[in-house]
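Numbering follows numbering that gives the first Met the number 0, in which position 56 of the sequence shown is assigned residue number 55; successive positions increment by one, without gaps.
Hints may be right or wrong, so weigh each one.
What the hints assert, rightly or not - Between beta-carbon pairs, the in silico distance windows are:
(1) Leu-55 with Arg-79: 15 to 25 Å
(2) Pro-69 with Thr-14: 20 to 30 Å
(3) Leu-81 with Val-15: 36 to 46 Å
(4) Arg-74 with Gly-46: 30 to 40 Å
(5) Ile-43 with Ile-84: 19 to 29 Å
(6) Glu-94 with Asp-70: 40 to 50 Å
(7) Asn-38 with Ala-18: 31 to 41 Å
(8) Ile-2 with Pro-59: 17 to 27 Å
(9) Leu-22 with Arg-66: 31 to 41 Å
(10) Gly-11 with Val-67: 31 to 41 Å
(11) Gly-9 with Ser-82: 29 to 39 Å
(12) Ile-4 with Thr-57: 12 to 22 Å
(13) Gly-71 with Val-10: 30 to 40 Å
(14) Pro-29 with Leu-77: 15 to 25 Å
Treat the hints as calculated values from the structure; they're not laboratory data.
For glycine and all other residues, C-beta sits at the position ideal for the given N, C-alpha and C.
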Amino acid sequence: MKIAICGKGGVGKTTVAGALVWLLYERGIPVLAIDADSNPNLAISLGIPPEEVARLPTLPSDLLERRVEPDGRDRWVLTRPLSEILATYGVPIREGLTLLLMGRVGHAGAG
0 MKIAICGKGG
10 VGKTTVAGAL
20 VWLLYERGIP
30 VLAIDADSNP
40 NLAISLGIPP
50 EEVARLPTLP
60 SDLLERRVEP
70 DGRDRWVLTR
80 PLSEILATYG
90 VPIREGLTLL
100 LMGRVGHAGA
110 G
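Kindly produce the complete structure, drawing on both the sequences and the hints.
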């Protein structure tokens, strides 16, 4: 199952995502939570202290590669196995609950 939360800024996406992550986790469903927001606060919703969030690993952009299908559609594929990405960049919250950060702004003008 894949669930994405999207919407305008300030409408509560992180709150909804955090609540949904905990609901699924408490029901015994393994969760890989991916925060693609340029202001990554899902980590705080999952119990990581705010002062530690800046030190969490962020996925580099070269882990995704754009490929054009024969019919002309774009397809994004991982350049490394998911298991390797999780081992390197995954933030274990609890057994069966992992966080990946991929949207953090690295420098001015990038967000």
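- prompt: For which of the previously enumerated hints does the structure constitute a violation, in increasing order of number?
  reply: Violated hints (numbers, rising): 2, 3 and 7; every other hint is consistent with the structure.
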